[in-house]
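Line order of the protein sequences matches chains Y and C. FYI, the numbering for the first sequence is 25 to 332, going by my numbering. FYI, the numbering for the second sequence is 7 to 322, going by my numbering.
Some chain Y residues close to chain C (C-beta under 10 Å, calculated; not the full set):
(1) K226
(2) D227
(3) H233
(4) K235
(5) G236
(6) V237
(7) P238
(8) P239
(9) Q241
(10) H250
(11) E329
(12) I331
Mimicking BS3-like on lysine-lysine, the simulated pairs with C-alpha atoms at most 27 Å apart in a straight line are:
(13) C/K131 / C/K120
(14) C/K21 / Y/K226
(15) C/K310 / C/K68
(16) C/K92 / C/K34
(17) C/K92 / Y/K226
(18) C/K34 / C/K68
(19) C/K21 / Y/K148
(20) Y/K226 / Y/K148
(21) Y/K72 / Y/K83
(22) C/K21 / C/K68
(23) C/K120 / C/K92
(24) C/K120 / Y/K226
Derived from the structure by calculation, the hints contain no laboratory data. Model, not experiment: these values are computed from the prediction. Where is the CB? At the ideal position from N, CA and C, for every residue including glycine.
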Amino acid sequence: MVSFFLKRLLLLIPVFLAVSVVIFMIVHLVPGDPIDNLVQINSSPEQKAALAAKYGLDKPLYQQYAIWLGNALTGDLGDAIILRRPVADLIAQNIPHSLSLGALALLFSTVVGIATGALAAIYKGSWIDRTTMTLILLGSTVPSFWLGLLLIMLFAVQLGWFPVSGARSWDALILPVLTIGLGGVALVARVTRVAMMETARKDFVMMLHAKGVPPWQIELRHVLRHALLPVVTILSLRIGWILGGAVTVEFVFARPGLGSLLITSLNQRDYPVVQGALLMLAIAVMLGTLLGDIIQAAMDPRVREGIK
Amino acid sequence: MALLSVQSISVSIGKLNPLDGITFTIDKGEILGLVGESGSGKSLTAMCVMGLLPRIGGAITKGSIVFDGCELIGLPEIEFRRLRGKRIALISQNPMTSLDPIILIGAQIDQVSKLHLGLSAEAAKARSLDLIAQLRIPEPAAIHRAYPHQLSGGMKQRIVIAMALAADPDLIVADEPTTALDVTIQAQIIQIMVELVRDRGLALMLITHDMGVVAQACDRVVVLYSGRVAEMNAIGEIFAEPKHPYTRELIRCIPRLGQEPGSLKGIPGTVPSIIDYPDGCRFNPRCGDARELCRAQVPALERKSSGLAACHFSEV
Ligand SMILES: Nc1ncnc2c1ncn2[C@@H]1O[C@H](COP(=O)(O)OP(=O)(O)OP(=O)(O)O)[C@@H](O)[C@H]1O
Ligand code: SF4
Ligand SMILES: [Mg+2]
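Could you build all of it, start to finish, from the sequences and the hints given here?
Given below as structure tokens:
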């Protein structure tokens, strides 16, 4: 298990490097000289050169990258150009909001998704199955920003149950969590249902019936356990998707968070902030995949031994 | 009185009628062989006895199955479940896929005695270790905490046998327990299984298409052909004086030591397809003795000088 973990961790290093190169290059790929964004319109070439030297922009690209990465690894993400504060501070300030939103949305998708998927699989063909399948279809086709606006209209504006926007109280989290989470519920429920129905056809399940094991025990202790493996895979692959959802949803609900920070700084061409926020999102995605791998390995001995 | 008495059961799965009037009995402590070519209905017969037919979408349309004085047809599922694993146990055809791949071997055996004998975790484990040892598996403790993929096919089948024995059943249904295994270990596993069954005085319904295994292990034999019983008789009688032409062919086809290679001949013709069974005796297209009557009328399963056979023209 430990060697499995170390192997997966090592595998992430090249991925991280590749991602960091891309994020670093963003500044240099956008049209125009980044210096132009830093200086006043009519500053002299000398002033420009001084600024370039200050930000290390006069050095060759690979050196700039090495310096940037080195600093980033020690927690120094540079200073925000517009907000004139360390990027690390801005991120630290915003991350808790995104983290609570993302974690709650993930939890909601997982728990509700697995429960509905399992119910649909156990009662397949019944009205329970048909109803959940219809809801799942709806849930997976409605775009999250639209769903968010709809929820705001209904529950915040019309009924006044929840705040329309912001993050001042805990109940401000509910609509954003629902907005991101409902799509996740639909996805998880669909994967759970299909995986359970597939597992139920396996020989070992017939053998469990032949052993006289009660059906509810077979469904919960054996079939569902197998079905969770693909669910974990999907969820760990979808961490990025959930974070992406957080980006738009934070925007729709005017919540602070990495997503809002990213969008604002993109609009203001505050590239150090953009880089920092993207780097955080990339790290979150990688940690999500790693976590998924670890959970799978804990659940399936064949994954642990690299057979599957 | 027989421990298990199956009386002319017929089965339908959708539009198909794969079993038609299957009849046989098994006495306490008896080993009954169930033989027949692929598709003759051996596994379905096992499913009927286990009460698992509804799980594959089948239903018993007529007949009766009495186990230890209790009618199994129409028995509520919740009561049938108390028989399964406890009084009637199954050893399945494919050990490679019969164990849950993500659960420890030990837990899978323990499960049976915990469930049916109400044993505590420690008592169940002790019992499982003992069973593993009885199946002549070295290092029972190591096997108990292994996962299925860490074991060979032969080992897995021994585990499935241990699982079947775990709650001290009265009857074991073994569906071709060795066909999925290496030829070299087939005989060994059959031998261990038969020994354990004999020691405990259990009844065994041994499904196989290998007449050699039948000769080695069984007291009596039921021969199935295309979903019907062709013949049932004691082992001595069936080899000495087969009553049904199909049984004669089966025996003729047993490979013998010292036989010239290439002289081995199968039964001429092919097994009829379930969607297009011939009228009358289903064996008539392949039978050397077939006459007009065979194509017109289904031969009844009748008492002969010994045993039962379903042939219009079998002597005595
Ligand atoms: N689930 C099913 N649905 C439809 N037909 C089935 C099903 N299971 C079995 N059959 C049919 O019933 C007949 C008997 O099948 P069965 O599995 O009992 O044969 P068998 O004697 O066990 O053969 P084998 O030696 O290949 O295991 C076959 O013709 C088969 O096609
Ligand atoms: S009934 Fe006729 S066809 Fe069938 S086995 Fe007997 S002789 Fe052959
Ligand atoms: Mg079979």
